[in-house]
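Novice: Residues per chain, in single letters:
Protein chains: 2
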Amino acid sequence: MALTDLTSPNPDSPADAGGAALARAECAVTIFVCITCHGGRPLDLVPVPGAALAEATERAAAGTGVTVRRVRCLANCNRGLSAAMRREGGWTYVFGYLDPAAAAETLIDGAKLFAQAPDGLMPWRGRPEALKRGLIARTPPFDFPGEPE
Amino acid sequence: MALTDLTSPNPDSPADAGGAALARAECAVTIFVCITCHGGRPLDLVPVPGAALAEATERAAAGTGVTVRRVRCLANCNRGLSAAMRREGGWTYVFGYLDPAAAAETLIDGAKLFAQAPDGLMPWRGRPEALKRGLIARTPPFDFPGEPE
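Heads up: the sequence lines are chains A and B, in that order. Okay, so the first sequence: first residue is 0 according to numbering that gives the first Met the number 0, each after it adds one. Okay, so the second sequence: first residue is 0 according to numbering that gives the first Met the number 0, each after it adds one.
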């Protein structure tokens, strides 16, 4: 079974990631940006690339309803820059190999798509390419009952 | 800053992962085992290595207070076998490169250690080596307020 099958039970869900600011109820998305990631750049670079990405993502989130939080280390150090994305009642995704120049807008586009998904999974169709290639892991919602034996 | 610094704010916390069954309140740990992981083994292998690991982990969890749930794909496919571990009010960890023969006991040992941590982080000291080497990512607790700017 291909990853696209496993992560896209809703391939026909709407892929329009644009539109107005999100309703906050039931679909609020939080992006956690790792502010300690260097992404292979020199360790003494200032600002730290992850911190710069956090700031850019905060700016890109203005007016969208997406929450951005800074976090010290997502433990994805060898695959940075890194961010995680969580939706209320939904799955949590970790992304790596993010482009410092483009990832802020990419993350917000992904968050908008995620917020609109009916099933708490980020759709594969319409997902920004960098959030396909850079997918590191996903974890289930808090109340996930588990698959049957 | 080294990863051990970032992930071990409590290096002096108790590293004794043994002891009696865990109290379930406030420190319940859930392990999510990916049942679709092949871990580089043939795709037609039966049982699927991830499913076999899930079953072994369920057996190893008996009487410990640790909950084991099966999940279809943690999207860590290239780094399987895979499992995630979450603690109530704590962080969520994703582990990869798990040894099909040893990982069930390793995951339970890690879960016991995690359950005893006072701060919701899995201690680095005392953590099974496979859960150091195989650390893929971690994500914050649901109510994580974010680091200050």
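Please note that the accuracy of each hint is not assured.
Because identical chains share one entry, a pair is satisfied inside a single copy or across any pair of copies.
Stated by the list, open to error - Derived SDA-like pairs (lysine to any residue); straight-line CA-CA distance at most 25 angstroms:
| id | residue 1 | residue 2 |
| --- | --- | --- |
| 1 | 131 | 29 |
| 2 | 131 | 87 |
| 3 | 131 | 147 |
| 4 | 131 | 46 |
| 5 | 131 | 44 |
| 6 | 131 | 148 |
Treat the hints as calculated values from the structure; they're not laboratory data.
Novice: Among the hints numbered above, which are violated by the structure, and what are their numbers in rising order?
Specialist: As far as the earlier hints go, 3, 4, 5 and 6 are violated by this structure, in ascending order.
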